[in-house]
Amino acid sequence: MSKTDTNTHNKGHHLPPKNVPFNEITKDLIATTVTGSKKIKQISILLSILSIIGIIALIVKYFADHDDSTKWGYVAALISFLLSVGGGAPMVGIAPVLAKANWVRPVTRISAIFSLTGVSTLILIIPLMMMLPPLMVDGVRRRSIWFEGPIYSPHVWDYVALMGLVLTGLALFYSAALPDFAAMREHSSGWRKNLGKTLSRGWIGTDSQWRTLRMRIGMFGTFYFLILIFVNFLFATDFAMSMVPGWRDAIFPMYHAITSLQGGVAIVVASLWIIRKYFKLEKYIHVDQFWSLSRLLFALTLLWIYFFYSAFIVFWYGRSANDIAWIELLITGPMMWVFLTGAFFIWIAPWWWLIWNKVRRSVNGPIIGAILILIGLFLDRLRLFVTAWSVPTESIHEKYLKIIPELVLPNYLDILIIIGGISLAFLPVLLISRVIPVLSIWEVQQFNLLAKPIKYMKTHGVLVAKPD
Amino acid sequence: MQQRRDLNQVHTNKVLLNGQLNVPKWWAPTVALLGIMVLIGFTAIGIMVNKGLGVTGLSRPVYWGLFITTFVFWVGISHAGIMISAILRLTQAEWRRPVTRAAELLTVFSLLTALFFPLMHAGRPWRIIYYIIPYDFSRGIYPNIRSPLIWDPVAISTYLTGSTLFLYVALIPDLGNLRDRTTGWKNALYTILALGWRGNPRQWQMQTIGGILLSALMLPIFVSVHSIVSWDFAIIPSVEGWHSTIFAPYFVIGAVHSGVSAVVTMMALMRWLWKWDDFIRPEHFDALARLLIVVATAWLGFTFLELIFAVYGLDAPELALREMQIFHWPWNLLFIIFLFTGYIIPVGMWLFKSVRSNIALMFWSSILVNIGMWLERYLIIVPGLARKQPFVFTWEAYRPSGLEWLILVWSFAWVTFLMLLFSRFFPLVPLFEQKESQVFTDDVKIGRAKVPAIIREID
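In the order they appear, the protein sequences are chains A and B. All residue numbers for the first sequence refer to the numbering used here, where the first residue is 23 and numbers rise by one. All residue numbers for the second sequence refer to the numbering used here, where the first residue is 559 and numbers rise by one.
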């Protein structure tokens, strides 16, 4: 447990978070937009250089390997990873809000910010789209969820859906940020003040504006969730399942979605830990946030094994040629060690780590679980997408996969693309912290308003108001 | 908890113990009527055991029919208890409190009922013993422990044991309460069952920890039970429509949909019959309906995935089966009824707050859900077997016999009968939960608004 944790007293018992005056909240959080500017500038320059190298490597790869789709597995895995982590993170701020959980309020901004990573996904996916075979291969229509649709349906509609996800995420982020832009207008100076003035769009906090704000958050949140599931369904099917003959796996899109949520929660935990430490926000980010998030993380880790096993048992027990091919390709085949290591990181290690309440109810415990899961998720995506793309297009019409392809190793371009792609995704997240507070001012104020520390019998408690 | 009322403990005891201390007038005739129905049902089962499965409509190739459908249905209903009691307890949903006991009870009795069906389906139930005691190793005739047909009874009996324990642990404080208000043999019974409950801090601590531990332990069992039931079907590649990887979560989410709807039905009945208007309030129905909208929509999503990936493979037999299931008489009619009663009508209704707070409408919509969910299981199990395939030499459409329908009706009468018997001796709404709710809830003033609030303990 962190010694700087303000809601922990000497004996190690937790005390309820102290209420902080509204003005102090505004002042502290607006100050985060200027804290450590020099260091952030240096990191941003480094990320920008890596992003440019990554994009150049992607262009070079397109010209070098545009006639061989089997070499594009690592790019597909990277995009799936970014889509999962960046797409899943905003859900952390949506689902608990809809369930009226008060603890989530200080987390909503940082989770919504990750919708900005979608911009990089939209750029990186373009060459991969070009590598995706059309629905008609060698004059014969291949298996797909588009059935008799136009032959470029996956290319067009997957991109449209992804764009819809990114736009909805940005709309959610912007709608929820309006009161804070107004706070920037009132309390900051220079270009930030001007930007706040422009982006706050006349927000003065009338009853009607607040009502509209809540309605927008609810609407965009629900819509975001639906699109996220749909995008996961499309991406998992078009970019993995339909590339492998005979892979018919109804749970796979949900598996992709669940792991996306797992990655999303993990990245939020990691970011929360960093901003708490870096911006010294111990007053606003309490053990309760880590505790609740790590419970979510633990539940999602259990769902990973449940969804994986639900598919595995059916294939393992079925024993048809199709079933055996699935197991040989994705489990025991060329990437067996990646699968085993991935399973260790995404399931076994975080499971045994997060099962302990003492670990969950601390600041430093959940971050370890989160990092393990992020590594595991990346390995899991490699296992799924590299193997799926390694199947040559010539065998796409077969009833089942008769020859398991050899292991495809990454070349230097793949490595540069992975590093550059991750940098490109996180660059806007870093830059936005200069524009708007990483914790939502109004949500933190509301958190304080609705939760009052009380002395309860012989112990401490919190009186949490639950408005409709 | 907008409709929270300040109720003192004496009033709570008086009203919630009215089933045990003052028996309502309707109770005896209702139990007698149900008892007659139960007897008729047992007679039908007796006839079937005596004459064999020939009295049913089961025949080649449809060997799994109404009995297995009803088995899956009751296992599904049993998911109510853990969903309401364990999951909502762990997530600290305050509105769960009056509902927990009834949900746990439904779990126990529906599991007990579910167990009858595979036994009956076996035709000669006594032969089930060979699954447990292998009689001849040397001839290799022993049960295959890798078969889901072995996992099924193991999972269900574990779930039944756990659920009964869960129900009992939560019942102990109320048993202590009843012990102190009864005399004679009843007092002796409650004294034994209350296990020396005095309500001291240590006992409360143990009871709370026991409840939380059991909740956490029951969750994996809860998920595994219906998953295993689904694998009875899913691991078989030879029957079209069954070999699907999504079956486990699809069955579990469907079970929650059906189980929570059954709890709504029960709550409405409890409110009407025992006049517990102060305890089972429209806000509870509203909260359950919101939960059901989410669960039902997730279930519909799984249904969509199941269907789309069935046709995705473009295998001719699978396509033929789906065509039959959705477009051919009489399956098409059943499919439409299933879709409308399982989702479209009830969820369409629950979108309106006025419906969610209307107990009569909630009652009827929850019944619709369970009609739909029963049909869903029927449409999963029977058409896959009924579709004509090459090399099948006998071919008859499956029509459940009157006896099968009678046994289906018996199962509902049996569960209701058991519930009413239970209500005669034990409270259906947990008294201590109700009182705890009074302590843990409050109203706070924020600005000009009075907002309901909940006390959360820290450490």
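Among these hints, one or two may not hold up.
Unchecked claim - Calculated pairs, DSBU-like style, for lysine-lysine (alpha carbon to alpha carbon, straight line, at most 35 Å):
| # | chain 1 | residue 1 | chain 2 | residue 2 |
| --- | --- | --- | --- | --- |
| 1 | A | Lys424 | B | Lys833 |
| 2 | A | Lys122 | B | Lys833 |
| 3 | B | Lys744 | A | Lys488 |
| 4 | A | Lys122 | A | Lys421 |
| 5 | A | Lys421 | A | Lys302 |
| 6 | B | Lys946 | A | Lys421 |
| 7 | B | Lys609 | A | Lys488 |
| 8 | A | Lys40 | A | Lys61 |
| 9 | A | Lys380 | B | Lys833 |
| 10 | A | Lys60 | A | Lys49 |
| 11 | A | Lys380 | A | Lys302 |
| 12 | A | Lys122 | B | Lys572 |
| 13 | A | Lys480 | B | Lys946 |
What the hints assert, rightly or not - DEER-style ranges, computed between Cβ atoms:
| # | chain 1 | residue 1 | chain 2 | residue 2 | range |
| --- | --- | --- | --- | --- | --- |
| 14 | B | Ala955 | A | Ile173 | 35 to 43 Å |
| 15 | B | Lys609 | A | Leu248 | 27 to 35 Å |
| 16 | B | Val869 | A | Tyr434 | 41 to 49 Å |
| 17 | B | Val869 | A | Leu248 | 16 to 24 Å |
| 18 | A | Ile173 | B | Val869 | 14 to 22 Å |
| 19 | A | Phe245 | B | Gly593 | 51 to 59 Å |
| 20 | A | Glu428 | B | Ile794 | 53 to 61 Å |
| 21 | A | Tyr174 | B | Val869 | 19 to 27 Å |
| 22 | B | Pro683 | A | Gly171 | 50 to 58 Å |
| 23 | B | Ala955 | A | Leu189 | 49 to 57 Å |
| 24 | B | Lys911 | A | Trp213 | 52 to 60 Å |
What the hints assert, rightly or not - Residues of chain A clear of chain B, computed beta-carbon distances all greater than 12 Å:
| # | residue |
| --- | --- |
| 25 | Val82 |
| 26 | Asp180 |
| 27 | Leu192 |
FYI, nobody ran anything at the bench for these hints, they're computed from the structure. Virtual Cβ for every residue (Gly too), placed ideally from N, Cα, C.
These are the hints, each one checked on the structure:
Taking the CA atoms of A/Lys424 and B/Lys833, the gap is about 67 Å. The hint is violated against a cut of 35 Å. Restraint check: the Cα-Cα separation between A/Lys122 and B/Lys833 comes to about 31 Å, which is no more than 35 Å; the hinted pair holds. Among the hinted pairs, B/Lys744 with A/Lys488 is inconsistent with the structure: their alpha-carbon atoms are about 43 Å apart, more than 35 Å. Between A/Lys122 and A/Lys421 the CA atoms are separated by roughly 49 Å; this puts the pair beyond 35 Å, and the hint is violated.
For the proposed pair A/Lys421 and A/Lys302, the alpha carbon gap of about 58 Å is over 35 Å, so the pair is violated. With a C-alpha separation of about 23 Å, the suggested pairing of B/Lys946 with A/Lys421 holds against the 35 Å cut-off. For the suggested pair B/Lys609 and A/Lys488, the alpha carbons sit about 61 Å apart, so the restraint of at most 35 Å is broken. Taking the CA atoms of A/Lys40 and A/Lys61, the gap is near 31 Å; set against the 35 Å cutoff, the hint holds.
At roughly 45 Å between alpha-carbon atoms, A/Lys380 and B/Lys833 are farther apart than 35 Å, so this suggested pair is violated. As the CA atoms of A/Lys60 and A/Lys49 are separated by approximately 21 Å, the hinted pair is consistent with the 35 Å bound. For the proposed pair A/Lys380 and A/Lys302, the alpha carbon gap of about 23 Å is at most 35 Å, so the pair holds. At roughly 34 Å between alpha-carbon atoms, A/Lys122 and B/Lys572 fall within 35 Å of each other, so this suggested pair holds.
This hinted pair does not check out: A/Lys480 and B/Lys946 have alpha carbons roughly 71 Å apart, beyond 35 Å. B/Ala955 and A/Ile173 have their C-beta atoms about 41 Å apart, which keeps the hinted 35 to 43 Å range intact. For B/Lys609 and A/Leu248, the hinted distance range of 27 to 35 Å is not satisfied, since their beta carbons lie about 53 Å from each other. Taking the beta carbon of each, B/Val869 and A/Tyr434 are about 43 Å apart, inside 41 to 49 Å as hinted.
The given range of 16 to 24 Å is respected by B/Val869 and A/Leu248, whose C-beta atoms sit roughly 23 Å from each other. Restraint check, A/Ile173 to B/Val869: a C-beta distance of roughly 19 Å satisfies the suggested window 14 to 22 Å. A hinted range of 51 to 59 Å holds for the C-beta pair A/Phe245 and B/Gly593, which are about 53 Å apart. At roughly 33 Å, the beta carbons of A/Glu428 and B/Ile794 sit outside the given window of 53 to 61 Å.
A beta carbon spacing of about 21 Å between A/Tyr174 and B/Val869 agrees with the range 19 to 27 Å that was offered as a hint. In this structure the hint that B/Pro683 and A/Gly171 lie 50 to 58 Å apart at CB holds, the actual value being about 53 Å. With their beta carbons about 52 Å apart, B/Ala955 and A/Leu189 fall inside the hinted range of 49 to 57 Å. Checked against the hint of 52 to 60 Å, the C-beta distance between B/Lys911 and A/Trp213 comes to roughly 46 Å, which is inconsistent with it.
No Cβ of chain B approaches the Cβ of A/Val82 within 12 Å, the least distance being about 36 Å, so the stated non-interface status holds. With 12 Å as the threshold on Cβ separation, the claim that A/Asp180 sits away from chain B holds: the shortest Cβ distance comes to roughly 16 Å. No Cβ of chain B comes within 12 Å of the Cβ of A/Leu192; the nearest lies about 25 Å off, and the non-interface call holds.
Taken one by one, the earlier hints fail for this structure at numbers 1, 3, 4, 5, 7, 9, 13, 15, 20, 24, listed in ascending order.
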